[in-house]
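Student: Listed below, chain by chain, are the residues.
There are 4 protein chains.
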Amino acid sequence: MAGNSFGKLFCITTYGESHGPAMGVIIDGCPPGIELTEDMVNVELARRRPGQSAIVSQRKEQDQAIILSGVYEGITTGTPIAIQINNEDPKSKDYKSLENIFRPSHADYTYKAKYGFRDHRGGGRASARETVARVAAGAVAKRILMQEGIEVFSYVQSVGNIFLEKEYQSLDLNSIDANEVRCPDAETAKQMFQYIQDIKKNGDSIGGTIFTVVKGCPVGLGAPVFDKLHADIGKVILSINACKGIEFGSGFEGAKMLGSEHNDVFSTDDNNVFTLTNHSGGIQGGISNGMDITFRSVFKPVATIIKEQDTLDTNFNKITFKGVGRHDPCVLPRAVPIVDSMTAIVLVDHFLRNLKLKK
Amino acid sequence: MAGNSFGKLFCITTYGESHGPAMGVIIDGCPPGIELTEDMVNVELARRRPGQSAIVSQRKEQDQAIILSGVYEGITTGTPIAIQINNEDPKSKDYKSLENIFRPSHADYTYKAKYGFRDHRGGGRASARETVARVAAGAVAKRILMQEGIEVFSYVQSVGNIFLEKEYQSLDLNSIDANEVRCPDAETAKQMFQYIQDIKKNGDSIGGTIFTVVKGCPVGLGAPVFDKLHADIGKVILSINACKGIEFGSGFEGAKMLGSEHNDVFSTDDNNVFTLTNHSGGIQGGISNGMDITFRSVFKPVATIIKEQDTLDTNFNKITFKGVGRHDPCVLPRAVPIVDSMTAIVLVDHFLRNLKLKK
Amino acid sequence: MAGNSFGKLFCITTYGESHGPAMGVIIDGCPPGIELTEDMVNVELARRRPGQSAIVSQRKEQDQAIILSGVYEGITTGTPIAIQINNEDPKSKDYKSLENIFRPSHADYTYKAKYGFRDHRGGGRASARETVARVAAGAVAKRILMQEGIEVFSYVQSVGNIFLEKEYQSLDLNSIDANEVRCPDAETAKQMFQYIQDIKKNGDSIGGTIFTVVKGCPVGLGAPVFDKLHADIGKVILSINACKGIEFGSGFEGAKMLGSEHNDVFSTDDNNVFTLTNHSGGIQGGISNGMDITFRSVFKPVATIIKEQDTLDTNFNKITFKGVGRHDPCVLPRAVPIVDSMTAIVLVDHFLRNLKLKK
Amino acid sequence: MAGNSFGKLFCITTYGESHGPAMGVIIDGCPPGIELTEDMVNVELARRRPGQSAIVSQRKEQDQAIILSGVYEGITTGTPIAIQINNEDPKSKDYKSLENIFRPSHADYTYKAKYGFRDHRGGGRASARETVARVAAGAVAKRILMQEGIEVFSYVQSVGNIFLEKEYQSLDLNSIDANEVRCPDAETAKQMFQYIQDIKKNGDSIGGTIFTVVKGCPVGLGAPVFDKLHADIGKVILSINACKGIEFGSGFEGAKMLGSEHNDVFSTDDNNVFTLTNHSGGIQGGISNGMDITFRSVFKPVATIIKEQDTLDTNFNKITFKGVGRHDPCVLPRAVPIVDSMTAIVLVDHFLRNLKLKK
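If you read the sequences in order, they're chains X, D, E and Z. Mapped onto the working numbering, the consecutive letters of the first sequence carry residue numbers 16 to 374. Mapped onto the working numbering, the consecutive letters of the second sequence carry residue numbers 16 to 374. Mapped onto the working numbering, the consecutive letters of the third sequence carry residue numbers 16 to 374. Mapped onto the working numbering, the consecutive letters of the fourth sequence carry residue numbers 16 to 374.
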């Protein structure tokens, strides 16, 4: 209710501040009987971990999952799964100077105005460090999806003006993690990497887009009206720090299309119903239709830059200020596993919501 | 839980099928003491009503609100407000021929697959007629926003390739309803109107975009992490039939920007804190910052077209089929009040969630 | 959230005031494929209907269910079921004199203090007339329970000091409706009937208790910790007007028992696991164990009596006042179907919550 | 949704198993600006702690609260409060022998049937050790109540047949913790203590009742219909391990009363509205009326006894079995702070739900 929980049947609640002792997540509603170990979670955390390459924040965190409940002898029991990740390298001192500053395009001002009190260190609860707890939950969700034959693939489609034009069908989606940028086209990835390094040297930051495709989703996920599958995916993706937009299937391009061009014609072969095109992005009337689910999300450049900027202090005096603290020049590579995780969580939630009475 | 409710403190639940006896909404959580009459609701319903102009569906519905509870002598009492709108012109016969067809890009196939049973008449629950209940709820939400000095303005920004390039600041937002298209630029509206008429003559349909601005929103609405203000707005706008995407502030353009360009610098005059630019779209860290909230949503062309199309029947045989039933060649003009309504509902919900303990 | 909804997967929301135009309920989450007609609902409404005998309120209501959505050709479709019951005999004039009075032990004072505004006619939303909507929802829940072989039986166990000592196992539970009191022991029922008639003649009212047994409940319903099956049953039964307490299994008598007496020893025959005693009331650790679920609820005497009483007017002046309006001298006979209904709703909700992933 | 959360605006989620590494609670929705330290939580935990006297379980737990988030420099920030309590003395070996046994009147059988998998050690999630997390949350709730002038007092009213006949008004409620039994009448407490010691020596257990009174509750808490204040209190008290019933105000005695006896007559003095009697238990129409809120709850004897009992093993073979593990011969003294805590949590939740729009 206060906004730190998501999901109806697979419900996650996260806690922790960037520079407090620990981050964590409680997953209530995970079915019993799923194999789950700390290592399975760690694999996903490693994809999001700072310090993993030259183009991400150099904060040093091992990000090791500690499972505190809900798993017995490597199997989920149906009781709440608590996963904790300790903060090892907070460097709170770095942030002392920020105590009385409203940094541009950060949440400093809005949190202060809303709550009156805040933990300013490293953005506190507003920090993207919160997403480590989401990825831990996503790791659990992915175990369930795997069992059901559903796979989520996200990759960096653009950084600044560098845009991967190829369609996802022509890419090797298993090569996403083959480079630091998480763009499954080696040549484009190389350009992106170089570009991000230049941005970083310059003390600046840059935005980009992520393309996501879900394969193997059965027909029938999503609830009509308010909890349409893409509405719920939209909500959680938009809830990721720095995300400013999302589009499904034809997306904004669909605004320019005629119905006769846009309609996805149903067809069939011996075994399957499918559509000849997929402008719907795999979702019709809010419910998955068995085709690939596709969407694209956009992330603004991170607000922390190592440049002089005008702003206000907490007494509303005009000051100048230069960013400090370790930061990502481009969040996209680390946003990939977060987008994967949030998508997986929504899919599991709707999968469980779609269980049916036996005849 | 089954997806027909939205909102935590201002919670709406809609019911009704396109060709059933009535549509309706229950609003649970409306504060007591708000002036509310059926006429106040009817004004909003009239903006969404079919048959209001030559470029919308000609289904004849008076769409008169009947308030069944929650209001006594013109004042809300704090108990649930039930508003019903009878269906007067269902013409179910038109749909008899559709009983055994999966129309392309409709929800026929997904509903059938999900539920096994469906009311096929006019799309049943999947019909955009459901949104009449949302607009009724939106009318109530707007009464509360009015009292708090918050205004929501949505307008048609593009239809097909016709795009209104002017910024919202240069438009007269009070003239949105001055033309049938709901584009507050008379010249552009005229082009759009002509274009939609041509589309209609052709039996086709066309997509477009809506621009929304919220004025007067106080600082502090929105909850951190999952219930960020734009995440909740995103969810409800994406839940509107035919909506395929949404972007806030700089949106997808932000992908190409540097942090040093994108950051919104705080400043102040004698009375207010503001930012010099508004790439954030009025929301930072998921919480409103007092600037205008801005977003853009895209609507695909409606699936019903009066053209021959290939598809499958409910036995999965390939057939050809030509659309019947009254439909909108372009949903944008009627989507405007729906976008307004859903935005208003989210804002009221977060306004109530932001009430504070007295010191 | 504002308290007019209950249930997680089988979620009901009621609306309507005693003297408004209609009462109603929206059921969101009813599975598709359940046979449902208005007559099936009417059968249950008739059990609760005023005017059904000499010992209940003589308000004349036909209480005919109108199904507005969610059912097509006699089968539920999975979309929200809206059921409306029109108010036909409100006699609001009777209540004009009550506009400025806080009646003793009614909700007049608390509603006024909470909301500032209220519909005073017949108690408005606080009236037990609200329960007609619950019974309509209960009728739907019972259809699902029937399909799963689960039956709920409630009967009047005591009225004032007249107490049916026989255990439920020795009663014919199919004879509950055989008399006006709904006590399945003809001799005791006769005494109760006579006693209630005397109370009524006297302008007074009397309390009593209801005993409920659920037969055929499978093992496994109920969720650990907060949503224990008896906790959820407790909540909804206590939410019925005039209910002041509930006890499960051994109940308050259990306070005096030793563990060695109270423990229910497990045993087995060829087909079943069972316990030799059932002090647990069919629920262990919050989860049904397959034995009969048993509980007892108490209803205070209704506050409306046709006797002179001291009280305050809405300006806090001391006045005397004599009850008007039609009322029940004893709510117990009509409370029976309400207790049945609320129990059925909780059971269906937990039944749906207990659906499992397929292996 | 899976039952490990409670509360709408002040929402708690607990995790942890009896013999896992830790127990904990996340509180989402605690207002910012409340003073909170680990010591404030520890004071409440000490009231519930095992080993605190000769008549409770001798499991050795320090039960020290570790606040992981939501508090900065001793003040709540409005972000989720995570409190963890490590398990220090699990003695899991004691439970090895129980792995394949369904103990009588425990949750072993129902958990196994529901989930297929369970952590059998010490009852796992079904253990009353879970309540340590509730008491931690209750400590936070009590800080808010204190600020609002609301106090909750629970005490042991009966153990077995030893019943404290005095009314709460004649007792010194500040002396509840003056003895090990938590009965604020020294003479009765002494008898109870002696009786419990005898029970313990005998390897048996005994039930009892707790009386609770809330002082200083403002008028207006509670929501109509399903979330009546006593319905929500009823739910959470019934959700406490071993609780089998609850009654408010006149309770089960009310069944025998006439309306003319039971009605609480309103009166007034210069400053206050009050009722001359309080059969309503401080709640009318589900909403607090400003009088003391009173209720009584019953706890069955704990299932663990050190006596030979018949039961089944997990292969459904009949066996005999004798309890092992440390246990409470009578849960009542330790249940007192749990009842206090759950009551405080409900009151805070409804206090926040009762915040109003400013005029």
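These are calculated hints, taken from the structure and not from any lab test. Careful, some of the hints might be misleading.
If chains are identical, the list can't say which one is meant, so a pair holds when it fits in one copy or spans any two.
With a straight-line cut-off of 30 Å between C-alpha atoms, the simulated DSBU-like cross-links for lysine-lysine are [to be verified]: (1) K333 with K205; (2) K230 with K373; (3) K337 with K322; (4) K23 with K111; (5) K23 with K333; (6) K181 with K373; (7) K322 with K181; (8) K371 with K322; (9) K75 with K230; (10) K333 with K215; (11) K23 with K371; (12) K322 with K111; (13) K127 with K230; (14) K75 with K127; (15) K373 with K23; (16) K371 with K181; (17) K205 with K373.
Remember, predicted model here, so these are calculated numbers, not experimental data.
Student: For K181 vs K373, is the C-alpha pair at or below 30 Å within one copy, between two copies, both, or neither?
Tutor: neither (44 Å within a copy, 38 Å between copies)
Student: With identical chains, the pair K127 and K230 could be close in the same copy or across copies; at 30 Å between alpha carbons, which is it: within, between, both, or neither?
Tutor: Classified as between: cross-chain Cα gap 21 Å, same-chain 42 Å, threshold 30 Å.
Student: When Cα atoms must be at most 30 Å apart, do K75 and K230 count as within-copy, between-copy, both, or neither?
Tutor: Neither: 34 Å inside a copy, 43 Å across copies.
Student: Can you give me the call for K322 and K111, within, between, both or neither, at a CA distance of at most 30 Å?
Tutor: within (18 Å within a copy, 62 Å between copies)
Student: At 30 Å max between alpha carbons, let me know whether K371 reaches K322 within a copy, between copies, both or neither.
Tutor: The answer is neither: 56 Å in one copy and 37 Å across copies each exceed 30 Å.
Student: Can you give me the call for K75 and K127, within, between, both or neither, at a CA distance of at most 30 Å?
Tutor: within (28 Å within a copy, 43 Å between copies)
Student: Measure nothing new, just compare the shortest in-copy and cross-copy C-alpha distances for K322 and K181 to 30 Å and report within, between, both or neither.
Tutor: neither (35 Å within a copy, 32 Å between copies)
Student: Given identical chains, is K23 near K111, meaning Cα to Cα at most 30 Å, within a copy, between copies, both, or neither?
Tutor: Classified as neither; 39 Å inside a copy, 36 Å across copies.
Student: Since the copies are identical, ignore which copy is meant and state whether K205 and K373 lie within 30 Å (CA to CA) inside a copy, between copies, both or neither.
Tutor: Close neither inside one copy (52 Å) nor across copies (44 Å); limit 30 Å.
Student: If the cutoff is 30 Å on CA atoms, where do K337 and K322 land: within, between, both or neither? Let me know, please.
Tutor: within (5 Å within a copy, 61 Å between copies)
Student: Go through the copies and call it for K23 and K371: within, between, both or neither, with a Cα cutoff of 30 Å.
Tutor: Both ways: K23 and K371 sit 16 Å apart in one copy and 15 Å across, limit 30 Å.
Student: Classify it for me, K333 with K215: is the Cα-Cα distance of at most 30 Å met within a copy, between copies, both or neither?
Tutor: This pair counts as within: shortest intra-copy Cα distance 27 Å, inter-copy 56 Å.
When the structure is compared with the earlier hints, violations turn up for hints 1, 4, 5, 6, 7, 8, 9, 16 and 17 and for no others.
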